[in-house]
Each structure stands twice: as structure tokens, then as C-alpha cells.
Amino acid sequence: KQEVTQIPAALSVPEGENLVLNCSFTDSAIYNLQWFRQDPGKGLTSLLLIQSSQREQTSGRLNASLDKSSGRSTLYIAASQPGDSATYLCAVSDLKTIFGAGTRLFVKA
Amino acid sequence: DTAVSQTPKYLVTQMGNDKSIKCEQNLGHDTMYWYKQDSKKFLKIMFSYNNKELIINETVPNRFSPKSPDKAHLNLHINSLELGDSAVYFCASSSTTGGRTEAFFGQGTRLTVV
Chain A
8 KQEVTQIPAA
18 LSVPEGENLV
28 LNCSFTDSAI
38 YNLQWFRQDP
48 GKGLTSLLLI
58 QSSQREQTSG
68 RLNASLDKSS
78 GRSTLYIAAS
88 QPGDSATYLC
98 AVSDLKTIFG
108 AGTRLFVKA
Chain C
476 DTAVSQTPKY
486 LVTQMGNDKS
496 IKCEQNLGHD
506 TMYWYKQDSK
516 KFLKIMFSYN
526 NKELIINETV
536 PNRFSPKSPD
546 KAHLNLHINS
556 LELGDSAVYF
566 CASSSTTGGR
576 TEAFFGQGTR
586 LTVV
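Chain order of the listed sequences is A and C. This note's numbering puts the first residue of the first sequence at 8, with every later residue one more than the last. This note's numbering puts the first residue of the second sequence at 476, with every later residue one more than the last.
With the rest of the complex left out, here is chain A (with noise of 0.2 Å):
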């Protein structure tokens, strides 16, 4: 039975501040490994995905790598801004969407 675990739970930094949000699997037999935002109240936006064959993947400020083998994915935020609060999901697919329990982010200006 797949489980995804991400570290940590939350996350307080000051604005500029690069950092990482880690997701862990147990199944490593995925289809692909997606990254989410979710801002409070609202639905889920797609930041990222990395199908099983890739080991990452960029969009402006954000890069997110998946190491398949050792079931682990990290999402790194290059210069934090305000507006990058929101919690965080990863998620992995195979035949189905297995998410992790999310790590909210608050970035201090």
C-alpha cells in the first residue's frame, strides 16, 4: 500500500530565504509524482510533474526532483516571497493519486 509522507508539517521563513519541502514514498512503482499548491479555502493548482522516467523538473522559481529508486522527491523555492504561502501537497500516481498530508508554508516580509 503506497504511503506519502512529507517533512515537515509546516515551515515559517523570512522572505528571500531559498528552501526545500521533501515528500517520501513507499512504492516506488509510480507512473509520475505531482506538486501542489493549496491556498486556504480554494481548490488545487499543479506546480510541477515529474513522470517516473524524469529526475526533474523546473518552472521559474521552483525546480522539483524525484530520486524513484529511494522514493523521494524534494521541491526547492528559489527567493521566497509573501506570496508563496499556501500549503504544499506532493503527490504520486499509479493507478491511482496517493497525496501526502501537505507542509504549509508562511513566508514573513
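No false leads were slipped in.
Quick list of the computed label-pair ranges, beta carbon to beta carbon:
(1) A:Gln61 to C:Ile531: 24 to 30 Å
(2) A:Pro21 to C:Phe517: 25 to 31 Å
(3) C:Lys515 to A:Asn29: 15 to 21 Å
(4) C:Asn492 to A:Gly67: 44 to 50 Å
Within a straight-line C-alpha distance of at most 30 Å, the following computed DSBU-like cross-link-like pairs (lysine-lysine) qualify:
(5) A:Lys103 to C:Lys542
(6) C:Lys546 to A:Lys49
(7) C:Lys519 to A:Lys75
(8) C:Lys542 to C:Lys494
(9) C:Lys484 to A:Lys49
Everything labelled a hint here was simulated from the structure, so no lab data went into it. For glycine and all other residues, C-beta sits at the position ideal for the given N, C-alpha and C.
Dock chain C against the given chain A, drawing on the hints supplied.
For chain C alone, coordinates are given in the frame of chain A:
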């Protein structure tokens, strides 16, 4: 132009009532899902349909019945609503053609049972 749309956005109803949530996607995806996000914000899959056929049915009370009239729609009907059904329900879609694509989510339906 919304890719995955759910209606209603908010739903407040009394215990024992029956209600439906509708979902439509215009992305041409062949797979649709229903997720429940509880008060602790944990997202858990409930159902998955591929080409109108049920392929995943997690441990969900049989008061919940999904219906997929076509590939673009997956509705969720809930009978005899209970207080514990209060949550945010998300619909999502993805494609299995040429590998599994990214999942797109609707904005959620906040269900409150009083």
C-alpha cells in the same frame, strides 16, 4: 474555460437528506476521480472512473454512489447524509493515454451537514 468544474461550490444541508455534486471536465481526459478532504486537510481518494467504468472504489460507505454518464462527467450522489460527511469534495481528471498525465482538480465543493 474552466478545465474541471464542480457544482455547487458550497452545500449546506440537514442530516438525512440526499444530495448530489456534479463534475465536468473539458480536457478530453479519460479518467475522473472524487477525493474527500477532511478537517485535517488530508486528501483521500474515494472513486476513480476510466472511460465511464469504475476502476477504484476505496472504503467508502455505500451511501456514496458515483455516476458517470459520459467520459466528461462524474457526479457524486450521497444518500442519508451524516454529520461526518462534512468535508470538501474535490473532483479531478487525468489521461492515461501515452502514460499518465498530470491531474487537474476542480475548486472543490464544501459540504456542511447540520
